[in-house]
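Q: Sequences are here, hints too, so could you generate the full structure?
Those protein sequence lines, which keep their order, are chains S and G.
Numbering of the first sequence is given in numbering that gives the first Met the number 0, commencing with residue 0 and proceeding in unit increments.
Numbering of the second sequence is given in numbering that gives the first Met the number 0, commencing with residue 0 and proceeding in unit increments.
Just so you know, these hints were derived from the structure itself, not from any lab.
Among these hints, one or two may not hold up.
[Unchecked claim] Under the rule of at most 25 Å between Cα atoms (straight-line distance), these lysine to any residue pairs were calculated in the SDA-like manner:
id, chain 1, residue 1, chain 2, residue 2
1, S, K328, G, H74
2, S, K334, G, T122
3, S, K37, G, A22
4, G, K47, S, M34
5, S, K328, G, P56
6, S, K174, S, L50
7, S, K328, G, F41
[What the hints assert, rightly or not] Footprint (simulated), chain S over chain G, 3 or more residues, beta carbon under 8 Å:
id, region
8, 89-102
9, 108-120
[Unchecked claim] Looking from chain G toward chain S, a few residues come up when the C-beta cut is under 10 Å (computed):
id, residue
10, L31
11, N61
12, Q138
13, V141
The beta-carbon is built from N, C-alpha and C at its ideal position, and this holds for glycine as well.
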Amino acid sequence: MDASRTRRRLMLLLAAMVLAAGAAAAAAALAVNIMERKQEARNPFYRVVELTDMTEDPAIWGKNFPLQYDDYKRTVDMVHTKYGGSDGVPRAPTANDPREVTAQSRLEEDPRLKTFWAGYAFAVDFREERGHAYMLEDQTFTERQQVTKQPGTCMHCHASLYVPYKKLGEGDLIKGFEKMNQMPYAEARKLVEHPVACIDCHDPETMQLRVTRPGFLEGIRALKASQGVQNYDVNAQATRQEMRTYVCGQCHVEYYFKGPEKRLTYPWANGIKIENILTYYTENPHKDWTHAETGAPVLKAQHPEFEMYNQGIHARSGVACADCHMPYKREGALKISDHHVRSPLLNVNRACQTCHNWTEVELTQRVFTIQDRTFELRNRALDAVVALIGDMKAARAAGKTDADLKTAMELQRRAQFMVDFVEAENSMGFHAPEEAARILGIAMDLARQGQLAVRQADYTPNLFPSTTAPVKPTPREVTPPPGSAAGGSGGTGN
Amino acid sequence: MATQAPAPEPSSGPKRRGPSAFAWLSLGLSALVGVAIGIGSFTFVYAKGASYMTDDPAACTNCHIMRDQYAEWTHSSHHTVAVCNDCHTPPSFVGKYLAKARNGWHHSVAFTAGGFHEPIQITAHNRAITEQRCRSCHQTIVQAIDAHAAESISCIRCHNDVGHAP
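A: So this is what it looks like as structure tokens:
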């Protein structure tokens with residue numbers, strides 16, 4: 000009896016000891032965990048290498064910034080979304096092109112594009128884009144290089160160029176730019192080594208964003224001058240948030256090679272809306288090529304993401320390219336930009352849900368709605384331009400001359416550029432849905448007017464920008480006049 | 000051993016022994032409890048436990064996970080009139096500390112164990128508390144709106160960035 004009570008008390012004591020030991024261990028473990036979290040919060044930065052303005056290799060930068068470098072290297076991923084990107088297509092390497100994987104051909108997907116670009120290198124090889132990591136390789140080996148002589152200007156956006164420009168210009172960036180523009184592509188190719196790298200967007204001393212591309216430095220200066228700001232220096236005057244768009248706008252823009260010096264130029268001197276750009280190309284007569292089937296002096300639009308995005312609601316709300324394409328993420332306590340630059344559709348959580356409190360499915364569906372609608376319009380507009388090209392080709396075969404087709408050629412030039420402006424833009428309308436629809440709507444009208452112009456020699460076109468006075472909506476009264484029955488303007492607040 | 004030796008001494012009292020096993024264990028237990036209390040107190044102080052009893056918004060950034068919200072709050076229209084607790088805890092004393100305890104537990108578990116949704120999202124329960132706090136400060140305008148609405152709508156559906164950006 001006594002012994003069993005003693006044993007019970009002992010057991011109880013033992014149990015209490017185990018509990019106390021457990022509690023002590025848990026408290027210690029918690030303390031250690033808290034210490035680790037506090038350690039995380041210190042954002043340790045180890046400068047293991049010295050970076051200078053001539054450090055080109057991103058792997059060296061990566062030693063100081065391993066997290067960012069790790070993400071940057073992931074742009075080799077090959078993924079597609081509904082309307083963009085590529086899973087990669089295997090191919091047999093040839094002497095001219097050792098690539099074993101490329102993106103799928105857009106020309107095979109949509110053969111209308113061959114008619115669209117007839118006579119231009121893009122009708123020979125045009126593929127879906129791959130990640131930043133492939134920019135240099137894919138440009139070096141595209142079949143376009145076989146059918147045309149490209150200038151060194153192309154390097155501006157297909158390689159890490161800050162250091163090569165500086166070396167070529169003996170310290171002068173712009174001089175290096177001018178020299179390389181005039182080189183043959185193959186010769187310029189020997190001077191570059193990496194796809195876009197850290198130094199193309201970052202100051203090596205402070206890591207602040209920095210525009211290094213002469214094309215953008217000059218383009219944005221011309222654009223700001225058109226808005227009344229003279230001698231704009233983007234690196235000194237832009238805000239940090241603006242820079243998070245401008246560094247992308249260094250390359251994701253419409254451009255052309257100006258004059259015999261092949262100077263890369265962004266046609267922004269009148270503004271960056273499509274009318275401004277078309278007016279620019281009228282005032283500074285330029286053609287990218289002569290259309291093989293119609294003889295029209297036509298233009299090729301090139302990925303005008305910066306221009307299109309600027310017409311959209313996200314730009315209006317102060318959202319930068321990087322907010323969606325390189326959204327902030329947490330690594331420990333460190334808040335870093337995701338340097339795995341990619342479609343926000345592959346990262347809806349961080350790219351969209353930071354601002355939009357809806358489910359991923361809902362947000363993705365919203366994007367698809369916009370893109371599907373744009374795609375439908377784009378197809379109609381492409382049909383209209385192809386129909387115009389067909390009519391003009393037939394008219395030429397029937398003996399019509401340049402003089403007979405003058406109006407039709409002008410209409411083709413404009414319609415074609417406008418369709419291409421949406422087609423070549425990498426968002427299928429998402430960057431500015433209403434603007435994309437407006438452009439395609441006008442393009443269809445221009446193409447159909449072109450068909451009329453083929454039939455009637457004296458046809459007077461309504462060009463773009465519109466040559467007829469716009470019909471102004473009658474302004475509504477904010478407060479209805481007394482006795483007026485007209486209500487429901489919604490303008491008066493309750 | 001000594002107790003088993005033949006004891007010629009005719010003592011009638013209990014046999015004299017050294018401290019019993021029970022006593023040793025009690026001593027050990029006391030020591031262990033002391034250690035647990037000691038480490039526990041240290042952890043509490045080290046983790047700035049007392050700061051959670053205050054209204055200081057800095058306490059909410061003891062864990063770095065809340066830094067973005069804190070930074071945004073310092074830029075927000077409400078930062079001169081409301082701190083975290085004004086919008087995220089009920090006004091009554093008991094309600095406030097219940098909410099703090101509840102969230103404190105959830106946050107500690109999540110932050111220690113990891114594996115939570117990022118960006119962090121407010122729970123339905125906490126959203127309801129916040130909604131009530133909007134309504135209590137902005138009573139006048141809310142009543143005017145509700146008078147017209149068939150069913151009341153959530154303030155933060157539209158004004159989701161007044162306290163801090165989402």
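Q: Hint by hint, say whether it matches the structure.
A: To see whether the hints hold, each was checked on the structure:
no.	hint	in the structure
1	S:K328 / G:H74	holds, 20 Å
2	S:K334 / G:T122	holds, 23 Å
3	S:K37 / G:A22	violated, 42 Å
4	G:K47 / S:M34	holds, 12 Å
5	S:K328 / G:P56	holds, 23 Å
6	S:K174 / S:L50	holds, 24 Å
7	S:K328 / G:F41	violated, 32 Å
8	89-102	violated (count 0)
9	108-120	holds (count 4)
10	L31	holds, 4 Å
11	N61	holds, 9 Å
12	Q138	violated, 18 Å
13	V141	violated, 14 Å
In the structure shown, a violation is registered for the earlier hints numbered 3, 7, 8, 12 and 13, in ascending order.
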